[in-house]
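Chemist: If you want the building blocks of each chain, they are given just below.
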Amino acid sequence: MPTPTENLARLKWTLPPPPEPKGSYAPAVRANHMVYVAGQGAFRGGEVLHPGLVERDVSIPQAQEAAQLATFQALSAVQSLIGTIDRIERIVRVQVFVASSPGFTQQHVVANGATEPLVAIFGEPGRPSRVAVGVPALPLNFPVEVELWAQLWAVPG
Amino acid sequence: MPTPTENLARLKWTLPPPPEPKGSYAPAVRANHMVYVAGQGAFRGGEVLHPGLVERDVSIPQAQEAAQLATFQALSAVQSLIGTIDRIERIVRVQVFVASSPGFTQQHVVANGATEPLVAIFGEPGRPSRVAVGVPALPLNFPVEVELWAQLWAVPG
Amino acid sequence: MPTPTENLARLKWTLPPPPEPKGSYAPAVRANHMVYVAGQGAFRGGEVLHPGLVERDVSIPQAQEAAQLATFQALSAVQSLIGTIDRIERIVRVQVFVASSPGFTQQHVVANGATEPLVAIFGEPGRPSRVAVGVPALPLNFPVEVELWAQLWAVPG
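Chains as they are written, first to last, in the numbering used here: chain L, 1 to 157; chain G, 1 to 157; chain U, 1 to 157.
No wet-lab data here; the hints were simulated from the structure. Source: prediction; values computed, not measured. Misleading hints may appear alongside valid ones.
Pair by pair, the computed Cβ-Cβ distance ranges are [claimed, not checked]:
| no. | chain 1 | residue 1 | chain 2 | residue 2 | range |
| --- | --- | --- | --- | --- | --- |
| 1 | G | Lys12 | L | Ile60 | 17 to 25 angstroms |
| 2 | G | Ala9 | L | Ala120 | 26 to 34 angstroms |
| 3 | L | Asn32 | G | Ile82 | 31 to 39 angstroms |
| 4 | G | Pro21 | L | Ser59 | 19 to 27 angstroms |
| 5 | L | Thr84 | G | Arg44 | 26 to 34 angstroms |
| 6 | U | Thr3 | L | Asp57 | 31 to 39 angstroms |
| 7 | U | Ser80 | G | Lys12 | 30 to 38 angstroms |
| 8 | L | Thr3 | G | Lys12 | 48 to 56 angstroms |
To list a few chain U residues with every Cβ distance to chain L over 10 angstroms, as calculated [said to hold, decoys possible]:
| no. | residue |
| --- | --- |
| 9 | Asn112 |
| 10 | Trp153 |
| 11 | Val155 |
Only pairs whose alpha carbons sit at most 30 angstroms apart, straight line, appear in this in silico DSSO-like list of lysine-lysine [to be verified]:
| no. | chain 1 | residue 1 | chain 2 | residue 2 |
| --- | --- | --- | --- | --- |
| 12 | L | Lys12 | G | Lys22 |
| 13 | L | Lys12 | U | Lys12 |
| 14 | L | Lys22 | L | Lys12 |
| 15 | U | Lys22 | U | Lys12 |
| 16 | U | Lys12 | G | Lys12 |
Backbone N, C-alpha and C define an ideal beta-carbon position, used for all residues, glycine too.
Kindly produce the complete structure, drawing on both the sequences and the hints.
Modeler: Set out below in structure tokens:
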């Protein structure tokens, strides 16, 4: 079975640099075998990717692209903390906040932009429990914010 | 002391069928002794129960009814994963998102629709830590989305 | 190295009384070595501190003050459950919901009001993973709601 790193290469995906916190918090915190990554909004070339509200300013495919990039930033934060994403046993939970125009109710479709790539990279252990909700606004005008928790393999003695 | 299953029967409540994911995620994920259930919106007869914004479209009692049914769907997801809700030691955390009209600030009252039944079923171990907030819109126009985490009894050796 | 309690005293901060639940939930729940505190809104003298939407009704400094007080209420809930905040090894995660005027996108600045004091009290182990998002309304018209999780030191045998 290919490793997550091998799957990334096969899919021609590369992880972005690890995110830098925009405030007084840590990019990721480990407690026991769980890594909790801080909420991510997508940056490309130092700029917020597709700023604004989904539907009014941002299309669903653009929001899915932002959700995927935010998810990759989260994986990069895990990699930065523990060395490699191949130590991830399971993606346990993903929470997706979608900055939404009034009346927009397809947040679950946007959230697939975060979770479908996880299944492609990690297989069924990449399929997380998920929360997807609309919000009126996000920090820095992000269209999507993604939080991810990863469970690590216990290291053999 | 009656079991959770016996309490359900005494209260004449039945759990709905386990929820089917509306996207690329798992209904529930277990990590160690914790089960993390994906955010639930209430369905009845295949339709969203009481769609819309609370206060403008949906009354508080209707929203509480949706919160209760979403909570029962979450318990059904736990049951589907581990066989019986009697293996639940503690409801650890419930997060309730309430699709809210502008100015509606009674989300905590709506959230009681999720958590009061848990205390009725599990006793004091059913009283969780809780988050309740308003949001402008939820997937599929749900009025309420409920996320639930359950800690399981350690199985004796 | 000073203890968290000594840091509190040095900074001339005192924790407020432990919060009373506004509904059917527990102020804090412990599972293994983690304490999950229920979402906190700031009260002062029995009244909601700075009610309303940030930007329209509440300034950023006022919202930061509310975030700090809500965080101190959360620490008070931990103290009430386990006796002292000196048993906290790590602040693992803080989730901040900011009741936001349309177009307000500085939720991360408000959230610093919650997390900067944690670093002052606990040092680097007080720097948590963080989620900060806007919402249209919170229970009781709170401007900010703060959820906090603390990992405890394992007690030596």
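Chemist: So, for every hint listed, does it hold in this structure?
Modeler: Hint-by-hint comparison with the structure:
{"no.": "1", "hint": "Lys12(G) <-> Ile60(L): 17 to 25 angstroms", "result": "violated (43 angstroms)"}
{"no.": "2", "hint": "Ala9(G) <-> Ala120(L): 26 to 34 angstroms", "result": "violated (44 angstroms)"}
{"no.": "3", "hint": "Asn32(L) <-> Ile82(G): 31 to 39 angstroms", "result": "violated (21 angstroms)"}
{"no.": "4", "hint": "Pro21(G) <-> Ser59(L): 19 to 27 angstroms", "result": "holds (24 angstroms)"}
{"no.": "5", "hint": "Thr84(L) <-> Arg44(G): 26 to 34 angstroms", "result": "violated (46 angstroms)"}
{"no.": "6", "hint": "Thr3(U) <-> Asp57(L): 31 to 39 angstroms", "result": "violated (49 angstroms)"}
{"no.": "7", "hint": "Ser80(U) <-> Lys12(G): 30 to 38 angstroms", "result": "holds (37 angstroms)"}
{"no.": "8", "hint": "Thr3(L) <-> Lys12(G): 48 to 56 angstroms", "result": "holds (51 angstroms)"}
{"no.": "9", "hint": "Asn112", "result": "violated (5 angstroms)"}
{"no.": "10", "hint": "Trp153", "result": "holds (12 angstroms)"}
{"no.": "11", "hint": "Val155", "result": "holds (15 angstroms)"}
{"no.": "12", "hint": "Lys12(L) <-> Lys22(G)", "result": "holds (28 angstroms)"}
{"no.": "13", "hint": "Lys12(L) <-> Lys12(U)", "result": "violated (54 angstroms)"}
{"no.": "14", "hint": "Lys22(L) <-> Lys12(L)", "result": "holds (29 angstroms)"}
{"no.": "15", "hint": "Lys22(U) <-> Lys12(U)", "result": "holds (29 angstroms)"}
{"no.": "16", "hint": "Lys12(U) <-> Lys12(G)", "result": "violated (54 angstroms)"}
The earlier numbered hints that this structure contradicts are 1, 2, 3, 5, 6, 9, 13, 16.
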